[in-house]
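**Q** Chain by chain, the residues run as shown.
There are 2 protein chains.
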Amino acid sequence: MRIDGRDYRTIWLDEDGRRVHVIDQTRLPHRFETLALESLDHAARAIRDMVVRGAPLIGVTGAYGLALAAARDAGDAAIEAASAQLLATRPTAVNLRWALDRVKALLLAAPSEVRPALAYAEAGRIAEEDVACCESIGDHGAAFIGAAAEKKPGRPVNILTHCNAGWLATVDWGTALAPIYKAARAGVPLHVWVDETRPRNQGASLTAFELSSEGVPHTVIADNAGGHLMQHGLVDLVIVGTDRTTRRGDVCNKIGTYLKALAAHDNGVPFYVALPGSTIDWRIEDGVAGIPIEERNAREVTHIAGLGPDGAVTEVRLTPAGSPARNWAFDVTPARYVSGLITERGVCPATEAGLSGLFPDFDRV
Amino acid sequence: MRIDGRDYRTIWLDEDGRRVHVIDQTRLPHRFETLALESLDHAARAIRDMVVRGAPLIGVTGAYGLALAAARDAGDAAIEAASAQLLATRPTAVNLRWALDRVKALLLAAPSEVRPALAYAEAGRIAEEDVACCESIGDHGAAFIGAAAEKKPGRPVNILTHCNAGWLATVDWGTALAPIYKAARAGVPLHVWVDETRPRNQGASLTAFELSSEGVPHTVIADNAGGHLMQHGLVDLVIVGTDRTTRRGDVCNKIGTYLKALAAHDNGVPFYVALPGSTIDWRIEDGVAGIPIEERNAREVTHIAGLGPDGAVTEVRLTPAGSPARNWAFDVTPARYVSGLITERGVCPATEAGLSGLFPDFDRV
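Those protein sequences? They're chains A and B, same order as listed.
By the count of the numbering used here, the first sequence reaches residue 365 at its end, each step adding exactly one.
By the count of the numbering used here, the second sequence reaches residue 365 at its end, each step adding exactly one.
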């Protein structure tokens with residue numbers, strides 16, 4: 001997608017065919033900087049420190065992390081250790097495990113001398129598949145936006161989104177934002193309410209940055225505001241992403257998503273979740289009971305970084321020194337509050353039958 | 001209540017009997033500073049800029065603002081103009097109009113030479129009534145916390161609150177926090193989840209500061225986290241305040257309160273609203289349709305102030321320069337999501353019958 005009129009992806013290979021480049025998302029929206037990952041440790045740190053984030057992009061970065069590891073030591077033990085190290089960086093997103101398992105299985109079945117090349121090729125394939133997958137999600141989801149536009153001719157469709165499930169969370173296009181980009185490029189009049197998404201503000205920073213860069217009309221709001229907007233008819237539909245989807249359609253997304261789903265339900269606003277099939281965890285039925293929720297550093301709640309009056313990115317403390325904080329990164333929205341799941345294979349109800357119907361060939365273990 | 005072991009109120013009269021002192025709440029939690037209000041304009045600015053905030057404290061400050069005005073010009077026109085100026089500072093809280101009308105009616109019925117003294121006396125009376133009222137709310141509400149404690153002996157009662165309806169929002173004790181202070185002083189083991197309450201962070205700053213100063217165990221969380229906590233049984237009850245309550249029990253409180261009420265309802269967590277009778281607006285039935293919602297400066301969303309690395313309070317920008325923001329300050333929680341209203345006269349259901357039963361003598365116009 002576009003930044004300052006130039007096309008980017010979130011992750012790409014250097015001309016040397018080895019180093020991996022990513023956009024440093026911790027610096028956005030105030031600085032646009034890229035970072036070269038030259039080792040397994042670099043890749044693991046980039047995921048853990050959220051230089052890259054978003055379930056699909058984490059998966060691709062993990063795959064490239066295995067490739068960087070294999071380039072140094074392609075032995076079985078090294079590959080197992082690298083996979084374990086990468087898997088431990090973020091516990092909630094299921095794509096990471098999915099991508100690591102896929103590359104690891106391929107490597108362990110091959111002679112060690114070809115493993116580095118195989119790993120790079122497979123990571124690149126996962127990246128390309130992600131682009132195609134997101135574009136397909138965009139096409140399927142844009143139909144809903146188009147349908148909403150037909151109900152209010154001449155007026156923009158108001159879409160609320162939470163966190164960043166945009167192209168910065170994937171390799172390109174995004175998941176929840178892909179339908180928005182597709183509809184906007186097709187000329188559908190629309191406007192996006194962007195939840196700022198505390199504590200890391202991925203909405204106010206990344207989603208707002210993406211939409212600004214692409215020229216999509218949008219307004220940043222506090223996470224607290226969505227219910228009020230829905231009560232007053234100012235939201236036509238909600239689209240969010242998911243980091244893990246259970247077999248019966250519960251979705252685990254950025255903390256606070258559940259609250260928006262409740263408000264959408266209370267006000268008759270359709271609540272869609274956009275996802276690649278790779279986020280489905282077929283082992284889990286009940287998301288609230290079954291999905292481990294990452295707890296992150298409390299400092300993300302007590303402190304926040306922004307652009308200071310001197311033009312430097314500055315971190316300030318928000319809370320009194322004596323007040324502890326806690327910081328859960330995700331919550332689970334039960335399937336009963338989800339109007340539909342927008343996948344690369346089409347749209348289905350948030351039910352086991354719906355998901356099985358679209359993904360009959362997917363691994364159920 | 002206590003700050004550094006010393007007892008304070010939020011507003012008090014100077015020894016000169018004329019100047020009005022307040023705690024500058026825009027500086028908390030990082031700086032404790034007081035401010036002298038010497039004129040009507042000072043008082044109006046203090047309310048508008050949220051140096052003082054919270055419906056009851058705004059009412060008392062408005063009353064003292066009229067006294068400051070009357071001390072300079074006690075004529076009918078001056079008093080009417082002062083009242084209109086003060087009323088225009090914050091549109092949502094009903095206490096302000098209530099307090100201004102009360103003082104104004106008294107003054108206009110008296111000879112102008114006694115009006116200044118009458119105004120100061122009446123403002124002082126409103127302040128004392130507020131203290132007694134809040135203390136009574138505290139006693140009634142503490143019973144619920146005590147009852148919750150009996151259900152889980154030896155473990156603290158977990159209470160979630162949103163924004164600041166503590167003593168800083170009133171003259172003393174608070175509304176939503178009064179039951180917590182009363183229960184804590186009675187030795188009931190409890191712990192408070194403090195919603196940070198974007199965009200102005202009154203929870204992370206004021207409520208956390210209050211609870212710290214009083215030694216009440218608490219944890220600051222992002223506004224997005226409450227639903228997750230409730231899904232996992234980590235909230236025993238919710239207590240919030242209200243800036244305006246309709247005759248049928250809808251409550252208008254800080255933006256985001258509605259989302260917490262929905263989550264409480266979805267998880268079977270009792271959701272109580274603490275209020276003085278003065279917040280009841282008997283003219284309005286349907287809060288969503290009838291209560292005007294203040295929209296504040298978007299800068300409160302795009303920027304935030306905190307303590308910088310150099311120890312100075314610094315404002316940083318959170319959003320990209322090209323992204324607009326909007327900032328509604330309140331939302332309405334329909335009565336059907338309110339488990340009970342805790343008032344100075346006892347607890348009632350959030351219904352017209354409930355409110356009329358407790359306040360049969362209140363003005364219905």
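You may find that some hints are simply not true.
To be verified - A few chain B residues that don't get close to chain A, going by computed Cβ distances all over 10 Å: (1) D24; (2) L118; (3) A186; (4) R198; (5) R248; (6) D266; (7) R317; (8) A325; (9) R326.
What the hints assert, rightly or not - With a straight-line Cα cutoff of 25 Å, these simulated SDA-like cross-link-like pairs (lysine to any residue) come out: (10) B:K152 <-> A:T219; (11) A:K151 <-> A:T219; (12) A:K151 <-> A:V188; (13) B:K152 <-> B:V131; (14) A:K151 <-> A:V288; (15) B:K151 <-> B:A88; (16) A:K152 <-> A:D73; (17) B:K151 <-> B:H232; (18) B:K151 <-> B:L234; (19) A:K152 <-> A:G233; (20) A:K151 <-> A:S339; (21) B:K151 <-> A:A289; (22) A:K151 <-> A:H21; (23) B:K151 <-> B:A132; (24) B:K152 <-> A:E214; (25) A:K152 <-> A:S112; (26) A:K152 <-> B:K152; (27) A:K151 <-> B:K152; (28) B:K152 <-> A:A289; (29) B:K152 <-> A:G233; (30) B:K152 <-> B:A71; (31) A:K152 <-> B:H140; (32) A:K152 <-> A:A184; (33) A:K152 <-> B:R326; (34) B:K152 <-> B:A110; (35) B:K152 <-> B:A289; (36) A:K152 <-> B:P217; (37) B:K151 <-> B:V288.
Claimed, not checked - Which residues of chain B face chain A? A partial, calculated answer using Cβ under 10 Å: (38) D41; (39) L307; (40) Y337.
These are computed hints drawn from the structure, not numbers from a lab.
C-beta: ideal position from N, C-alpha, C; glycine also.
**Q** Which numbered hints are broken by the structure, listed smallest first?
**A** Of the numbered hints given earlier, those the structure breaks are 4, 6, 7, 8, 9, 10, 13, 14, 15, 16, 22, 23, 24, 25, 26, 27, 29, 30, 31, 34, 35, 36, 37, 38, listed in rising order.
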